[in-house]
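Peer 1: Listed below, chain by chain, are the residues.
There are 2 protein chains.
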Amino acid sequence: MTLPRRSPGKIYLPQGFSFSAACAGIKASGRLDLGLVEAAPRTTAAAVFTKNRVVAAPVEIGRAALAATKGRVRAVIVNSGNANCATGNHAYRSCQRICGATGQLLGLPSEEVFPSSTGIIGVPLPTEKILPTLATLVSERGTTRKHLDQFVRAIMTTDKRPKLASVRFRSGKETITVLGVAKGSGMIHPQLATMLVYLFADAVATPADLKRLLRGTCEQTFNCISVDGDTSTNDTVLLLASGQSGGRLNDGSRKQFADALGEVCQSLAEQIVSDGEGVQHVIRLSVEQASSREEALRVARAVAHSLLVKTAWAGADPNWGRILAAVGASGVAIKPDTVNIFIGSQLVCRNGASCPFAERKAHRHLAKPVSDVRIILQRGHANTKFLTTDLTADYVRINADYST
Amino acid sequence: MTLPRRSPGKIYLPQGFSFSAACAGIKASGRLDLGLVEAAPRTTAAAVFTKNRVVAAPVEIGRAALAATKGRVRAVIVNSGNANCATGNHAYRSCQRICGATGQLLGLPSEEVFPSSTGIIGVPLPTEKILPTLATLVSERGTTRKHLDQFVRAIMTTDKRPKLASVRFRSGKETITVLGVAKGSGMIHPQLATMLVYLFADAVATPADLKRLLRGTCEQTFNCISVDGDTSTNDTVLLLASGQSGGRLNDGSRKQFADALGEVCQSLAEQIVSDGEGVQHVIRLSVEQASSREEALRVARAVAHSLLVKTAWAGADPNWGRILAAVGASGVAIKPDTVNIFIGSQLVCRNGASCPFAERKAHRHLAKPVSDVRIILQRGHANTKFLTTDLTADYVRINADYST
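Same order as they appear, the protein sequences are chains X and A. Note that the first sequence covers residues 6 to 409 in my numbering. Note that the second sequence covers residues 6 to 409 in my numbering.
These are computed hints drawn from the structure, not numbers from a lab. Honestly, I wouldn't trust all of these hints.
Copies of the same chain look alike in the list, so a pair counts if it works inside one copy or between any two.
Restricting the straight-line Cα-Cα distance to at most 27 Å, the calculated cross-link-like pairs of lysine-lysine (DSS-like) are [said to hold, decoys possible]:
1. K56 - K340
2. K165 - K260
3. K151 - K216
4. K75 - K15
5. K178 - K373
6. K216 - K373
7. K32 - K366
8. K56 - K134
Every value quoted in this text rests on a predicted model; they were computed, and no experiment measured them.
Work out the full structure, taking the sequences as your base and the hints as a guide.
Peer 2: Take a look at the structure:
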């Protein structure tokens, strides 16, 4: 399924980044499972990470490295098929050895190699498979679309489709490009960042600039999606700016850059949701007239997590009573008799009570790949958009397979 | 599936209650959908209700009636197949007319008739089908086991099995009986009460006594179960004491009564969970060494609501990494390296990291109808037990059927 809006469109490659991928044999399938990005000298960086208290070794090491280098990253090394999480000291040692070896091959200090992992938790990372693969990975890097596509495939796990988005804009004499790639289709309920997302830009920007821009953008995009309500231990969004375009972030271009970043992140967020495990229907949830944005988000999350709502959506069932019950159980002190609910363009619940509507039309709307549900609280002026999905028997099948 | 412990066993009927059931035609299936209990004069009552902000008309009317009568109830009228919720004034008028008509037939004021409804939200209650059925309902009431069984069937919706439990004990010269009946198999995530539960005792007790006992018992039983994390708009637990045994609650018998009530409620809670929609595996979750009971409950609920944990359980997959990730996302400030996890008798995660264990044995344990998962936080001295279930493709099928 693809969302009609913000589909990836043309992909532009920013200057200053090369990509590579290899099969290290971490995935039993023999697919690509190791990816590398090399960034030009003086590349600046900012990142946001999972809020889960259980964090994988690469998240801790990446966070510490960013602090130590004051926002400098020259390479990104990612493996899929193993989260490198919850295996004690082994996880840290593995991650450090991989960063060290990658750095050595590229002539970089270990702290400038940013690590990520995604896959099963609690299984030791097979370092002995990864280390011998690094030389090939480094030697085969390149700057073409083909190299990029291989990298994106190397970070996929249960994803059915690669996820890319880019925006290019002119700022004075320079052309600045923002490119984003992402993986993620289960454990999608980011609390700050989401899954693995890498954002590459060729603007000139300080790490502090990048950090501020990234936080604001994540809040509006990756923090407003949910597939299954589970927050991963490895969520990472990394933004790199190579400076190779020569375009600086200034009063004129900062807004353009923020918009470009927002558009790329929103597209990736939508691609992640529509490729969610077992997803048949994407729901664009809009919670309106809340007292605060936090309140609107709380209501949106309660609805997006209700199994009864999500299973009703799987059946394209315009069962607004379940939505209303989920709003009531959200913990927000709503007054039921001020709640209005729309499915598509139709009002289906007026002031907390049933009202006449064309059920077949509402059913047909929910049967579409993407549909709209609006919840109006009549409590204030805060709104939020939230992207979520139905819950299908396929989701259960994908996740109930006895895997360990 | 039945839980090995606390299976219903012999059912004792307390003195002072008669039961009745009828088909009013609310359920399309033509099954029993209207139930009545008549209680002896001077019966005392206490109730706890859903914490959902959206509450059904019978919950509001029942709560107000209990306040007006200061804890006196002489009859209970329940329909299944329709929640009588979110249909505006119609819901209140319907409920009042039904209580009024039932009272008239029994020679009671309307406020002494306690109403409940369970079923679909947002569809007007077909009062015109219920009112003409009341005369038969009243005339056919009786005190036998058969009358009781019919009543229990009349309150069922998607339940596969009726749920009953009772305990009888001697207090001085008197024999006191506590009987409980319940319905509920979806929308099971009580926040104070759960679903419809009626508890009948023939002790002599004040409403204040009953209220205190009921609150404490619910906190330990119905508030420690979850099937799907959805909180109903109609949850009600009603406790009635007819006084007909002559046994008074005094220093000696109060503890016995509390224990009997606790045992009946625990059995009903376990019956509700094991009859949960699509449930194949019941998990007895134990969260230990938390800083407080609230913290233990928060961790238990986070694990019990994680779709990835629940689907792993459906596959009897000893994937403790998903459990650890859910603990980390619970919002409790746990330290991952103090978390131990047991599946059955085996330690599968020691200090937040993998440790050697017999995977097949853990798989076999989780493949049993009822299994044990222990999470030890090493933060303090508070513990909680929590009963939950797997999430199967059958749950999705049951709830994705296009129903409205």
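Peer 1: Taking the hints in turn, state whether each one holds.
Peer 2: Against the structure, the hints come out as follows:
1. K56 - K340: The answer is between: 13 Å across copies meets 27 Å, while 31 Å in one copy does not.
2. K165 - K260: So K165 and K260 fail the 27 Å test inside a copy (34 Å) and across (59 Å) alike.
3. K151 - K216: Intra 30 Å, inter 70 Å, cutoff 27 Å: neither.
4. K75 - K15: Neither way: K75 and K15 sit 33 Å apart in one copy and 71 Å across, limit 27 Å.
5. K178 - K373: So K178 and K373 fail the 27 Å test inside a copy (44 Å) and across (69 Å) alike.
6. K216 - K373: neither (38 Å within a copy, 50 Å between copies)
7. K32 - K366: between (45 Å within a copy, 25 Å between copies)
8. K56 - K134: Neither: 30 Å inside a copy, 53 Å across copies.
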